[in-house]
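From just these sequences and the hints, can you work out the full model?
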Amino acid sequence: MDEKTDVWQGTLALMILTTLDAMGPLHGYGIARRIEQTSGDRLAVNYGTLYPALLKLEQEGYISAEWGVSENNRKARFYKLTRAGRKKMRREARQWEQATAILARFLAREEGA
Amino acid sequence: MRGLRALAVRFGSLFAKSRRERDLDAEIESHFSMHIEDNIRSGMTLQEARRAARLKFGGVEAMKEAYRDRRGIPFFETLAQDVQYALRALRRNPAFATVAIATLALGIGANTAIFTVVQAVLLRALPYPQPERLVEITETNPLKRWTHSICAPANYADWRHTNTVFSGMAAYVGLDDNRNSKFDLYLTAVDEPQRITGLGVTGNIFDVLGVPPLLGRTFAEEETYDGHNHVAVLTYGFWQSQFAGDPRVIGRTMTLNGRNFEVIGVMPRQFFFPNHEVQMYIPFGVKPDFFTRIRRPHMLRVIARLRPGISMDRAQGEMTAIAARLERDYPDTNTKMGVRLDNYHATLASESRPALLMLLAAVGLLLLIVCSNVANLQLGRATARERELGIRRSLGADRARIIRQLLTESAVLSLAGGVLGLALAIAARTALVRLAPSVLPGFAELRVDWWVILFNSGIALAAPLLFGIVPAVVASRPEVLRDRGESAPRGRGNLRDLLVTCEVALSVVLVVGAGLLVRSLILLESVDPGFRSDGALSFTVNFPYARYADDARAIRAIEEIESHLRALPGVRAVGAATTLPLRGFSWSTDATIEGRGGRDYERELRHDVATPGYFAAMQIPLVEGRTFNEFDTAKSPPVAIVNQTLARVYLRGNDALGKRLRYGKPTDTDPWVTVVGVVADSRQDGLDIPVQPEAWTPLRQQTNGGITFVVRSNNDPVMLIAAARREVHAVDRDLVPTNVKLLDDLVRQAAGDQLFRSTLLAAFAGIAMFLAALGVYGVLAYSVTQRTKEIGVRMALGARTPRIVGMVLGDGLRPVAAGILFGLVGAWLASGAIRSMLFGVGLADPATYVLTVIILGASAIGACAIPAVRAIRVDPAVSLREQ
Chain A
1 MDEKTDVWQG
11 TLALMILTTL
21 DAMGPLHGYG
31 IARRIEQTSG
41 DRLAVNYGTL
51 YPALLKLEQE
61 GYISAEWGVS
71 ENNRKARFYK
81 LTRAGRKKMR
91 REARQWEQAT
101 AILARFLARE
111 EGA
Chain B
1 MRGLRALAVR
11 FGSLFAKSRR
21 ERDLDAEIES
31 HFSMHIEDNI
41 RSGMTLQEAR
51 RAARLKFGGV
61 EAMKEAYRDR
71 RGIPFFETLA
81 QDVQYALRAL
91 RRNPAFATVA
101 IATLALGIGA
111 NTAIFTVVQA
121 VLLRALPYPQ
131 PERLVEITET
141 NPLKRWTHSI
151 CAPANYADWR
161 HTNTVFSGMA
171 AYVGLDDNRN
181 SKFDLYLTAV
191 DEPQRITGLG
201 VTGNIFDVLG
211 VPPLLGRTFA
221 EEETYDGHNH
231 VAVLTYGFWQ
241 SQFAGDPRVI
251 GRTMTLNGRN
261 FEVIGVMPRQ
271 FFFPNHEVQM
281 YIPFGVKPDF
291 FTRIRRPHML
301 RVIARLRPGI
311 SMDRAQGEMT
321 AIAARLERDY
331 PDTNTKMGVR
341 LDNYHATLAS
351 ESRPALLMLL
361 AAVGLLLLIV
371 CSNVANLQLG
381 RATARERELG
391 IRRSLGADRA
401 RIIRQLLTES
411 AVLSLAGGVL
421 GLALAIAART
431 ALVRLAPSVL
441 PGFAELRVDW
451 WVILFNSGIA
461 LAAPLLFGIV
471 PAVVASRPEV
481 LRDRGESAPR
491 GRGNLRDLLV
501 TCEVALSVVL
511 VVGAGLLVRS
521 LILLESVDPG
531 FRSDGALSFT
541 VNFPYARYAD
551 DARAIRAIEE
561 IESHLRALPG
571 VRAVGAATTL
581 PLRGFSWSTD
591 ATIEGRGGRD
601 YERELRHDVA
611 TPGYFAAMQI
621 PLVEGRTFNE
631 FDTAKSPPVA
641 IVNQTLARVY
651 LRGNDALGKR
661 LRYGKPTDTD
671 PWVTVVGVVA
681 DSRQDGLDIP
691 VQPEAWTPLR
701 QQTNGGITFV
711 VRSNNDPVML
721 IAAARREVHA
731 VDRDLVPTNV
741 KLLDDLVRQA
751 AGDQLFRSTL
761 LAAFAGIAMF
771 LAALGVYGVL
781 AYSVTQRTKE
791 IGVRMALGAR
801 TPRIVGMVLG
811 DGLRPVAAGI
821 LFGLVGAWLA
831 SGAIRSMLFG
841 VGLADPATYV
851 LTVIILGASA
861 IGACAIPAVR
871 AIRVDPAVSL
881 REQ
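Residue numbers (our numbering), protein chains in the order written: chain A, 1 to 113; chain B, 1 to 883.
Derived from the structure by calculation, the hints contain no laboratory data.
From a predicted model like this one, the values you see are computed outputs, not experimental measurements.
Some hints could be false.
Under 10 angstroms between C-beta atoms, here's a sample of chain A residues computed to sit facing chain B [as the list claims (entries may be wrong)]:
hint	residue
1	TYR29
2	GLY30
3	ALA44
4	ASN46
5	TYR51
6	GLN59
7	SER70
8	ARG77
Here are the simulated DSBU-like cross-link-like pairs (lysine-lysine), alpha carbons at most 30 angstroms apart as the crow flies [stated by the list, open to error]:
hint	chain 1	residue 1	chain 2	residue 2
9	B	LYS665	B	LYS144
10	A	LYS56	B	LYS17
11	B	LYS17	A	LYS80
12	A	LYS56	B	LYS56
13	B	LYS64	A	LYS75
14	B	LYS64	A	LYS56
15	A	LYS75	B	LYS17
16	B	LYS64	A	LYS80
17	B	LYS56	A	LYS75
For glycine and all other residues, C-beta sits at the position ideal for the given N, C-alpha and C.
Right under this line is the structure:
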């Protein structure tokens, strides 16, 4: 097994939002699995921290939740991106891109030196 | 924005908690099932799948806790928990809870009740725009000992037209010396003729007050004068009761005192002026020369509005200058006549302010006593709760958490006390109104408004800081929690003793104050009013000028009413005079004493008219000479009866009989009046106000628009009221007896202020003393319980009962003695504040101080008795075995 990285504080919310944007309505377990898969299993989501994060997003109105039935006919709570959530996702994604681009330049210069 | 939304959602989550909790469980459950299924699908056994899922998830309870914290608002949830816990703890100890809440309710209730009065009298703004710019103007004159006299019409007019500091100045009539309404109007030509309380005003009064009418219009300037004056403005209340709020009332005609008046306006609901009794405003209706000619008598109350930006000092300066000019121009009437300006609201409240501030201070002290008492109870209880708090601490509650818990308990107690206190204050309102007719000026309405509720809850929230913090800090001390040793921590005992000392000291201050006031009240009530008050009834009849323009007609009506009354069964004596002692109204005049010219005429003389039967009916003793009789008529030589003070001051004592005086200045040509009798002094203005020189003229030699009858009966005079009304009606259907009062009530009212102050302060002092005794008892009972073993040992070693009692009493009384000592010093320092309310006793009245020490000492000893008895009943064998 590869060395796994814990999800950094603050990025979990963005990952949840992008996951929901890509996948449509999804339950908590599915979101966690998807995040791990997307990272190529290089990230380990502590499932226990996922739910408070979902709750926070829900309270802030970025996602909404309702009970539904999973693909395996199991009762589960499904989360869905709201319009505000989509906007937030785009904004945060842009900020991240900028931040990583800037950071990348620093790293590139170091390599060049 | 998002934060706010989240907060709102979280606040919502404080409710319906169990459903949310179920949701969370279901979600975790479904998460696990899916994870386990996935694991099985990837080849694990069920056991392995479960284990892996749990590992991956981490601590479920920790996650739930984090989730819950995020879901609700932890502060509120802890608070809710604390409150629940506090309620449970208090329910477990109902005796403590009851005593604490009842004590707090008394303290907070007393404060709220007094604040209700303060709010009504001193704080609530009067219902006029910018009420702080309204000024009352009165006249002063050292020669006549006037400090704030009503004004002469011509002086008023001159002020009004020459000043530059007021935007308006108006005058009104219809109040007596105590600002009670005395202006009666008779509404006739309706089904049931009735008496209405009116106010006579100048046309600009509503402009000065700045209040527009609700309906119609207010008076125009020229309507002040005769010929234009048959118009009336109604108050909202009268409009509602008499016209059922009919808007078509404008333009209707009412018959008042036999003249027709047109209703031109109705004032708004909130409006009153100058008190709540007045139902209708009508113009003076005088000839214009009223305002140029009459500089004596003084009859107008004057109110003015300061121009914006003009200070009181500036206005006073200008008015003083105008008064000086008038003094130069009219030396006859205006010598030494000054002008005084007062804030209008302050004048209305001036009589009651000192008493109210004193009572506010008293209830403040009472609250402090209440707080020490509850703190004391809590300290005692902390010992009983040592084990409980120890357990909480060992289960992981830190000290701050325990303090918070204990403070929450205090707050719960205090809020319960506050709610009960508010209820007490509301219930006390009626009693206060009945007790305080004189302290509550006619304008003040006792209402529990938002300010009162704010005050009440403010106290309820602040009190726990006073009585809760120290006990909480002490009770949560770690060493207390650890130490379950044999003896109680000594520090707490000292603290409790200190609280008892404070309580006793504060009570001493209150008891001394109450003692001084009660002694004043007793002395005041023992003042001889100069007439016999029991068994007599008095009432006023006013003779409308329109129908009684002829003096002889009024005289005939008065004599007829007298003879009708005399014929009633049980009636012993009947008389009448223009003014009765203590009725709050007087006429005075200048007088000249024969043979003594010079400036003697400026002396003030109370001047009244009396019927021959008056002095006998009042039982005012005749000292020498004779009373009036039927031969004193308009055709016989003018005569006078004077009081002893007049004989002493103006006629140089003996031989008053046969001396002559003249009403008016030496230059006047009125006839000389011969003194034919001297009667004993009776109190005119108040039991505590020195008697003024007074002279009476027989009815047939002079009459007046109104007269007050006295009927003395063998039976209860209350029974006469209906009959008197009937007899007055029998003489003239349109005459109505007004201001019907027992002479007993007049005397009682004269002591009313003193009664109000001393009753309330005595009640507060009584409560304070009781609480202090409770405190003494509580501390001592606790210490005896703690020392049972010690007492047992002492007894086993041969200590005798008196020694044990002495020891226990000594313990109990030491803080009391210290408290009494501090209290006496404090009382002596504080007593200056009530100097103006005392009558006949000095600030350092030894009897009051000695009595206070005896009463407090006795109640403290009483409080110590029960624990002392318990101490001597200690059975050494049992107490030693117990340990």
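Consistency of the hints with the structure:
no., hint, in the structure
1, TYR29, "holds (5 angstroms)"
2, GLY30, "holds (8 angstroms)"
3, ALA44, "holds (8 angstroms)"
4, ASN46, "holds (6 angstroms)"
5, TYR51, "holds (6 angstroms)"
6, GLN59, "holds (4 angstroms)"
7, SER70, "holds (7 angstroms)"
8, ARG77, "holds (5 angstroms)"
9, B:LYS665 <-> B:LYS144, "holds (14 angstroms)"
10, A:LYS56 <-> B:LYS17, "holds (17 angstroms)"
11, B:LYS17 <-> A:LYS80, "holds (24 angstroms)"
12, A:LYS56 <-> B:LYS56, "holds (22 angstroms)"
13, B:LYS64 <-> A:LYS75, "holds (20 angstroms)"
14, B:LYS64 <-> A:LYS56, "holds (14 angstroms)"
15, A:LYS75 <-> B:LYS17, "holds (21 angstroms)"
16, B:LYS64 <-> A:LYS80, "holds (22 angstroms)"
17, B:LYS56 <-> A:LYS75, "holds (21 angstroms)"
The structure shown violates none of the earlier numbered hints.
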